Structure formats: structure tokens, C-alpha cells
Amino acid sequence: MARRLPLWVGPYGQHRQGASHPPGPFVHSYAVVILITRGTSRVRHAGEQTLRAGDVHLIPPGDSHGSAHFENAAGWALAFHPEAVTQGDSWGDESAPLLRPFLHVRSGCHPVLRPSPAQRRRLVGWLRALAVEVAGDARGRDEALGALLRLVLVELERMAAPTPAPMTASLGLARRALSYIELNGLKPLSLADVAAALGRSSTHVAAIVQRETGRTVGDWILERRMAEARRRLRGTDEHVDVIAERVGYADVTHFIRLFRRVHGLTPAAWRRRE
Numbered sequence: 171m172a173r174r175l176p177l178w179v180g181p182y183g184q185h186r187q188g189a190s191h192p193p194g195p196f197v198h199s200y201a202v203v204i205l206i207t208r209g210t211s212r213v214r215h216a217g218e219q220t221l222r223a224g225d226v227h228l229i230p231p232g233d234s235h236g237s238a239h240f241e242n243a244a245g246w247a248l249a250f251h252p253e254a255v256t257q258g259d260s261w262g263d264e265s266a267p268l269l270r271p272f273l274h275v276r277s278g279c280h281p282v283l284r285p286s287p288a289q290r291r292r293l294v295g296w297l298r299a300l301a302v303e304v305a306g307d308a309r310g311r312d313e314a315l316g317a318l319l320r321l322v323l324v325e326l327e328r329m330a331a332p333t334p335a336p337m338t339a340s341l342g343l344a345r346r347a348l349s350y351i352e353l354n355g356l357k358p359l360s361l362a363d364v365a366a367a368l369g370r371s372s373t374h375v376a377a378i379v380q381r382e383t384g385r386t387v388g389d390w391i392l393e394r395r396m397a398e399a400r401r402r403l404r405g406t407d408e409h410v411d412v413i414a415e416r417v418g419y420a421d422v423t424h425f426i427r428l429f430r431r432v433h434g435l436t437p438a439a440w441r442r443r444e
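Using this note's numbering, the letters of the sequence shown map in sequence onto residues 171 to 444.
These are computed hints drawn from the structure, not numbers from a lab. The structure displayed is predicted, hence computed values, not measured ones. Backbone N, C-alpha and C fix where the C-beta goes; we use that ideal spot for every residue, glycine too. Certain hints may be false.
Now the in silico label distances, taken between C-beta atoms and shown as ranges [to be verified]:
| no. | residue 1 | residue 2 | range |
| --- | --- | --- | --- |
| 1 | V197 | H433 | 43 to 53 angstroms |
| 2 | E218 | G384 | 15 to 25 angstroms |
| 3 | A362 | G342 | 14 to 24 angstroms |
| 4 | S277 | G388 | 18 to 28 angstroms |
| 5 | R442 | D421 | 21 to 31 angstroms |
| 6 | E408 | S237 | 35 to 45 angstroms |
| 7 | G405 | G384 | 22 to 32 angstroms |
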């Protein structure tokens with residue numbers, strides 16, 4: 171991720187015929203957009219997906235996926251946390267229009283979009299411009315990154331309506347759990363609360379989320395709170411004790427301890443660095 175705005179972009183693929191990374195599965199707390207411009211890439215995500223030139227692959231946070239198997243493939247990859255583009259919205263917030271393409275995938279729609287040639291050209295241009303801004307340090311860099319990211323997300327939203335994709339019951343439950351955490355994670359929230367909201371036992375929800383994402387329900391609650399804390403530390407002048415309360419911690423000392431455990435710095439030191 172870039173040091174300031176939590177965003178990364180760069181070339182994708184460009185491997186020899188048949189090359190591949192370790193098989194995975196992989197899970198991450200940020201979203202990924204992959205645009206194929208040449209060749210073929212095969213990946214397991216909500217089933218077996220074959221991406222060809224012009225295809226766009228969307229991976230929401232928390233979605234388990236395998237590594238890509240490249241067949242003379244090249245393109246662009248973009249990764250970002252929601253705080254890079256939203257004002258407090260989360261991946262579970264259906265009212266956040268710029269995140270809607272990822273919410274569609276989260277709800278069980280097909281993760282591969284097929285843009286028109288004009289849409290593909292625009293996406294390539296904006297991704298190239300994003301790469302230039304990420305690599306540089308020009309004045310207004312973060313503002314430019316935010317504007318370009320919004321253009322990419324608006325274009326994704328304008329693409330054809332998504333279609334349903336095969337989804338196992340366990341994957342569906344894990345996605346519902348993540349969406350609930352993202353909507354409610356800044357309130358007092360526990361595994362028992364998530365399980366009750368889904369109408370399942372705590373043991374069952376804990377096992378499914380751990381199996382499908384490789385992380386616990388508690389890990390995802392912490393991730394939601396830390397993402398909001400980073401957004402507030404970067405974008406507001408609120409005191410740390412106020413931020414702690416806003417992200418679900420009545421004890422500021424406990425919040426500082428958790429933040430340092432995750433980021434290696436206290437909230438105040440992280441804010442100064444950023």
C-alpha cells in the first residue's frame with residue numbers, strides 16, 4: 171500500500187506461459203480490481219474463473235481466492251482500503267454507491283465484469299495515471315489519487331448489471347457475517363451478537379468464518395475498527411480519546427494498545443507519520 175492514501179496499483183501478470191504463484195487460498199482486508207489487457211488468467215474465486223483480455227475481476231475484502239495461473243497474461247491490478255474513497259462508509263454499507271460493485275459480488279453475484287472497449291480504454295488510462303501518482307510525490311498527490319480512484323469505481327458501477335454466481339452455503343454465511351460486522355463493528359459487538367443476527371450458533375459462525383477467511387470474527391471486528399480509526403486519524407483533528415470512543419472503545423488505553431499491536435505505532439505517532 172502507498173504510505174499515505176491506502177492504495178496500491180501496478181502491472182499485473184506479465185509472466186511466462188503457465189507461470190503461477192503458490193496456490194493459496196488468500197484472504198485480505200482490502201479490495202482488489204484486476205483488469206486483463208492481454209492473454210488469459212485463471213483463478214478460483216466463487217468457482218473457477220477464466221479471465222480474458224478486457225475482463226475485470228473484483229475481489230471484495232474477506233473473499234477467499236486462489237492464486238492466478240497466467241497464460242501470457244498482462245494487465246493492471248488495483249488494491250485499496252475503503253477509507254481511501256469513502257467518508258466512513260464500509261464494505262457492508264449498501265448506501266455507498268462507489269463500493270456497490272464489490273457489494274454485488276459479496277451478495278453472490280459473478281465477480282467478473284466485461285467492460286465495453288471504450289470503458290476498458292478509460293480504465294487503462296486511469297490506472298496508468300494512478301500508478302504515476304503513487305510513484306511520485308507531487309503536490310496534491312492524495313487528492314489526485316482519490317479523484318482517479320473515484321473515476322475507476324464510477325466506471326465499474328456503470329458496467330452491465332452483475333449476474334448470479336455459484337456460492338456455497340458456507341461462503342454465503344461468511345459473507346453475511348462480514349457485511350454485518352462492517353455495518354455494526356463500531357458499536358459494542360461480539361461473536362455472540364453476530365451469530366444472533368444471522369440466526370446461527372456462535373460455534374457455527376466462528377468455524378465458518380475461520381474456515382472461509384482464515385481469520386476469526388474478532389479479527390474482522392478489529393479490522394473494521396482500525397480502518398475507521400485510520401480514516402479519522404488521517405482526515406480529522408479529533409483527539410485520540412474521541413476516536414477511541416467513536417470506533418467502539420470506551421478505554422482509550424486499550425485502544426492505543428490494540429492500535430500499536432496492529433500498526434507498530436501509537437495512534438499519535440501514526441498520525442504524525444501520515
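For each hint, the structure was consulted:
1. V197 / H433: 43 to 53 angstroms: At roughly 19 angstroms between Cβ atoms, H433 and V197 fall outside 43 to 53 angstroms, so the hint is violated.
2. E218 / G384: 15 to 25 angstroms: Once the Cβ atoms are compared, 20 angstroms apart, the range 15 to 25 angstroms for G384 and E218 holds.
3. A362 / G342: 14 to 24 angstroms: The hint (14 to 24 angstroms, Cβ to Cβ) holds, given that A362 and G342 are roughly 21 angstroms apart.
4. S277 / G388: 18 to 28 angstroms: 24 angstroms, holds
5. R442 / D421: 21 to 31 angstroms: Holds, since R442 and D421 (Cβ atoms, about 23 angstroms apart) stay within the stated range.
6. E408 / S237: 35 to 45 angstroms: 40 angstroms, holds
7. G405 / G384: 22 to 32 angstroms: 30 angstroms Cβ-Cβ, so the 22 to 32 angstroms window holds.
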